[in-house]
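Novice: If you want the building blocks of each chain, they are given just below.
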Amino acid sequence: MSRRLEGGGALASAVLLFELLLGLLLLTGCWNRRELNELAIAAAMGMDKAADGYRISIQIINPGEIAAKKGGGMMSPVVTYAASGHTVMDALRKMSTEMPREIYLAHLRILVIGESLARQGIGKVLDVLSRYHEVRTDFHIVAARDRTAEEVLSSLTALEKIPANRLYTSLDLSEKIWATTGKTNLDTLISAIGSEGQGAVMTGIEIVGDPENGRTVEQLKRTTPSPLLRFSGLGVMRQDKLEGWLGERESKGLGYTRGNLAGAPISFPCPRGGYIGVELIRMKSDVRGEVKAGKPVGSVRIRAEGNLSEVECETDVLKLGSISELEKETENEIRTSVLEAVRRVQREYRSDIFGFGEALHRAKPAAWKKWKRDWPRMFAGLEVKVNVDVKIRRIGTVGDPVVQKLEE
Amino acid sequence: MTTPASAPVSVRQFTILVFLYTVGTTILVIPAGLAAVAKQDAWIASLLGLLFNLAAVFFYLRFSRSFPDMTLAQYYERVYGRWLGKLFTLSFVFFSFIGAATVLFYLGNFINTQVMPKTPIQAISILFILIVAMGLRLGLEAIAKAGEILFPWIVLLFFILIACLLPQVEVHKLLPMFEADVSSLLKGAVSVTGTSALPFIVFLMFYPAFVANRKKAGRGFVAGTIAGGLFIAAITFLSVAVLGADISERQMYPSFSLAKRINIGNFFARVEILIAAIWFITVYFKILFYLYGCVAGLAQLLGIGDYRALVLPMGMILVVYSQVVYPNVVYAAEFDRTVWIPYILTYGLVIPIATWAVGRLRHRMRGKPTATSGDVGE
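These protein sequence lines map, in sequence, to chains A and B. Heads up: the first sequence runs through residues 1 to 408, numbered per the working numbering. Heads up: the second sequence runs through residues 409 to 786, numbered per the working numbering.
No lab work stands behind these hints, which were simulated from the structure alone. All C-beta atoms in this analysis are idealised placements derived from N, C-alpha and C, irrespective of residue type, glycine included. Watch out, some of these pointers could steer you wrong.
[What the hints assert, rightly or not] Partial list, computed: chain A residues near chain B (C-beta under 10 Å):
no. : residue
1   : Arg33
2   : Ser130
3   : Glu134
4   : Arg136
5   : Asp138
6   : Ile190
7   : Pro265
8   : Ala359
9   : Arg362
10  : Lys364
11  : Pro365
12  : Trp368
[Claimed, not checked] Below are the BS3-like pairs computed for lysine-lysine, each with C-alpha atoms no more than 30 Å apart in a straight line:
no. : chain 1 : residue 1 : chain 2 : residue 2
13  : A       : Lys295    : B       : Lys595
14  : B       : Lys447    : A       : Lys369
15  : A       : Lys370    : B       : Lys526
16  : A       : Lys295    : A       : Lys372
17  : A       : Lys94     : B       : Lys447
18  : B       : Lys526    : A       : Lys295
19  : B       : Lys526    : A       : Lys372
20  : A       : Lys161    : A       : Lys284
21  : A       : Lys49     : A       : Lys161
22  : B       : Lys581    : A       : Lys369
23  : A       : Lys369    : B       : Lys595
[What the hints assert, rightly or not] Derived Cβ-Cβ restraints for the label pairs, each shown as a range:
no. : chain 1 : residue 1 : chain 2 : residue 2 : range
24  : A       : Gly9      : B       : Ala571    : 55 to 61 Å
25  : B       : Arg678    : A       : Met89     : 20 to 26 Å
26  : B       : Met724    : A       : Ser13     : 23 to 29 Å
27  : B       : Ala677    : A       : Val79     : 25 to 31 Å
28  : B       : Tyr739    : A       : Ala12     : 43 to 49 Å
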């Protein structure tokens with residue numbers, strides 16, 4: 001090239017210039033680039049049933065308010081827009097008439113589905129989410145209990161500026177230490193909807209207090225904000241339809257079978273009044289499907305480790321026997337709540353949310369082939385065995401309970 | 409086209425090229441197809457596919473021994489005589505051209521679907537074909553060196569992908585094992601071979617003539633095939649074990665969804681487009697060698713000594729053709745499922761076997777090759 005330049009003179013430089021200009025044509029950057037200040041970053045999305053399709057609400061982060069180092073708090077940290085349309089995309093695009101920026105869905109943290117839509121079936125709306133390239137699969141999906149998703153998204157929350165973030169983190173946290181909720185994301189939900197031997201569940205979210213108040217920043221200035229958003233119970237799905245809700249104890253029972261709730265407190269009454277609390281720190285569970293005498297049998301094996309967390313009664317906890325008694329009581333408690341959950345789901349919802357069917361499929365593919373058609377009915381009459389083994393290792397930082405001293 | 413005195417491609421480079429060529433496009437499309445036919449046993453089907461790949465490669469090695477100093481196109485003319493030979497070469501040129509067009513379509517389609525939906529596919533194709541043309545004009549030696557330079561990156565990204573996804577492997581997603589029946593496993597394996605090994609036929613345009621140390625190069629061919637096959641099997645395995653068979657099957661590009669799953673402490677996340685460099689690089693070599701087969705064959709056909717003059721015109725036609733080769737993705741999927749396998753079997757297996765047989769027969773009948781074509785194209 002350089003030799004050409006030396007010898008060629010003006011023509012060669014003209015050619016070089018032309019080549020460079022040609023480069024400009026191709027190197028103009030990304031075609032459909034969108035700058036950050038042109039995007040409306042959606043943190044949460046709500047879906048409800050509308051008269052002629054869906055009502056979609058989107059919680060948009062207000063970046064000025066979030067990023068403000070000082071002088072924040074004047075404006076709401078998030079803005080919620082809503083629109084209706086025949087399809088989800090229809091509604092989303094219609095929102096552009098009332099907002100200045102383009103919605104960007106890649107940072108979605110949570111998807112709230114209104115109860116009425118959930119009961120009608122969510123298969124159709126999940127399709128658009130898995131098809132749209134911008135949407136990832138790592139957000140949580142919850143159902144608004146007795147409310148519309150729009151009302152949930154319109155509520156501001158304390159502590160976390162972005163309500164969607166607060167819901168995301170508190171769902172993570174409550175799954176770890178309270179256990180009546182469960183994380184459901186797009187992939188697990190779609191998998192479960194398509195599966196014959198595994199039903200889906202969605203965590204419920206409810207509004208405590210008057211939803212109207214939640215729309216303003218004013219309520220955040222109180223120490224007890226109202227309304228509050230609260231996760232409560234698990235919704236049982238049959239195929240893609242929400243069938244009903246599990247109570248707290250049953251939700252825990254389901255959680256135990258999934259082994260994902262180390263940290264959950266378990267309490268049971270003492271013989272002479274008061275309660276004893278055990279905190280589980282490790283838990284492992286194993287759901288199995290077997291064939292016995294030509295019939296399917298489901299079994300759950302749970303192994304857990306825990307610590308004594310509170311004692312309200314006069315037990316001599318430092319005695320060897322009392323620990324093994326406590327272990328037995330805890331095992332009993334876990335077994336009962338699992339069985340209660342199983343019975344209730346078998347009786348009322350007939351959806352195999354425990355995954356006995358899938359377990360049977362894994363263990364005995366041939367037998368499963370025979371039964372899978374008829375699995376909802378088989379599941380309803382399934383014999384389920386629960387085997388729990390709890391080890392209590394430590395009793396906390398003190399020995400005998402305070403109340404024992406009081407009595408003396 | 410004459411055989412240069414010193415071979416432009418070393419054994420090591422050739423092995424790497426074989427590997428890159430095996431992985432290109434296969435990594436994008438195969439996991440979904442395998443999960444669709446073999447469900448959670450998809451990875452078994454991909455291993456079976458590796459065995460088929462090896463069988464195909466052993467045949468190519470044997471076949472190429474008949475023309476140690478010639479390209480495939482030259483050998484066609486030697487075996488079939490001038491005119492019939494040219495006819496075979498012409499059909500081979502068409503085959504490689506269509507192959508290049510389909511792969512170019514796949515690349516543009518991938519970017520359009522997953523990354524930049526509003527960018528015209530032409531912009532992507534033109535940019536990509538420009539670097540392909542550049543590589544081809546620089547010649548085999550430069551291509552081989554490029555492969556050698558890019559290979560460590562592939563390995564690095566691959567290990568990042570594996571390491572980041574291992575914690576998410578759920579063994580129960582692989583159960584029950586061996587549920588798929590033999591016929592669906594075979595079907596899956598054949599599709600693996602059809603996408604990754606049978607297209608090796610275009611390699612015979614420069615192997616063994618332009619590759620150093622024939623004996624070791626043969627071993628390199630086998631080694632590259634095994635490495636590529638294991639690579640594909642590992643990706644398929646991860647797809648099933650992390651995403652699950654049903655999700656893998658639903659995805660257009662499971663390996664990309666797999667990369668999307670990477671999330672180490674909410675910090676090392678959303679890196680899928682970096683991992684996607686694996687397929688950009690491998691697809692590059694796939695298009696490059698298809699187009700090489702096309703232009704080298706055409707040069708031979710037209711009696712042009714150097715194929716380089718043909719690269720840009722063919723590249724331009726290729727960009728246009730890649731826009732029409734598949735009118736839409738559904739057509740593409742249907743084509744891959746129904747037409748591609750018999751198509752590639754014809755060009756990658758039936759014609760070579762026939763040529764090999766005819767060549768041996770003539771050799772035995774005459775005691776030496778026919779006089780008409782001994783020096784055609786030289």
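Novice: Next step is simple, just say for each hint if it's right about the structure.
Specialist: Status of the hints after comparison with the structure:
For Arg33 of chain A, the interface hint holds, the least distance from its beta-carbon to any beta-carbon of chain B being 9 Å, beneath 10 Å. About 7 Å separates the beta-carbon of Ser130 of chain A from the nearest beta-carbon of chain B, less than 10 Å, and the hint is met. Nearest Cβ of chain B to the Cβ of Glu134 of chain A: about 9 Å, under the 10 Å cut. The hint holds. About 6 Å separates the beta-carbon of Arg136 of chain A from the nearest beta-carbon of chain B, less than 10 Å, and the hint is met.
A hinted interface residue such as Asp138 of chain A counts as satisfied when its beta carbon comes closer than 10 Å to some beta carbon of chain B; here the least separation is about 7 Å, so the hint holds. Annotation: Ile190 of chain A was flagged as interfacial toward chain B, and the flag holds, the nearest CB pair being 7 Å apart, inside 10 Å. Proximity of Pro265 of chain A to chain B is violated relative to the hint, the smallest CB-CB distance being about 27 Å (cut-off 10 Å). The closest approach between the C-beta of Ala359 of chain A and any C-beta of chain B is roughly 8 Å, which is under the 10 Å cut-off, so the hint is satisfied.
This hint holds: Arg362 of chain A has a C-beta 4 Å from the nearest C-beta of chain B, less than the 10 Å allowed. This hint holds: Lys364 of chain A has a C-beta 8 Å from the nearest C-beta of chain B, less than the 10 Å allowed. For Pro365 of chain A, the suggested interface contact is upheld, since its CB lies about 4 Å from the closest CB of chain B, less than 10 Å. For Trp368 of chain A, the interface hint holds, since its Cβ comes within 10 Å of a Cβ in chain B; the closest pair sits about 8 Å apart.
Between the alpha carbons of Lys295 of chain A and Lys595 of chain B the distance comes to roughly 34 Å, so the proposed pair goes past 30 Å and is violated. For a cut-off of 30 Å, the pair hint linking Lys447 of chain B to Lys369 of chain A stands: about 15 Å separates their Cα positions. Of the pairs offered as hints, the one joining Lys370 of chain A and Lys526 of chain B is violated, with about 48 Å between alpha carbons and a cut-off of 30 Å exceeded. Between the alpha carbons of Lys295 of chain A and Lys372 of chain A the distance comes to roughly 13 Å, so the proposed pair stays at or under 30 Å and holds.
A threshold of 30 Å between alpha carbons decides the hint, and for Lys94 of chain A with Lys447 of chain B the separation of about 40 Å lies outside it, so the pair is violated. Of the supplied pair hints, the one linking Lys526 of chain B and Lys295 of chain A is violated, its CA atoms being roughly 55 Å apart against a limit of 30 Å. Among the hinted pairs, Lys526 of chain B with Lys372 of chain A is inconsistent with the structure: their alpha-carbon atoms are about 44 Å apart, more than 30 Å. The hinted pair formed by Lys161 of chain A and Lys284 of chain A fails the criterion: a straight-line CA distance of about 35 Å is larger than 30 Å.
Our distance criterion of 30 Å between C-alpha atoms is met by Lys49 of chain A and Lys161 of chain A, whose separation comes to about 28 Å. Pair hint Lys581 of chain B plus Lys369 of chain A holds up; C-alpha atoms about 17 Å apart against a cutoff of 30 Å. Restraint check for Lys369 of chain A and Lys595 of chain B: satisfied, since their Cα atoms lie roughly 22 Å apart, inside the 30 Å limit. Separation of Gly9 of chain A from Ala571 of chain B is about 57 Å and conforms to the stated range, judged on CB atoms against 55 to 61 Å.
A beta carbon spacing of about 23 Å between Arg678 of chain B and Met89 of chain A agrees with the range 20 to 26 Å that was offered as a hint. For the pair Met724 of chain B and Ser13 of chain A, the beta carbons lie near 27 Å from each other, so the given range of 23 to 29 Å is met. Range check, Ala677 of chain B to Val79 of chain A: Cβ separation about 26 Å, and the 25 to 31 Å hint holds. Evaluation of the 43 to 49 Å hint for Tyr739 of chain B and Ala12 of chain A yields a pass: the beta carbon distance comes to about 48 Å.
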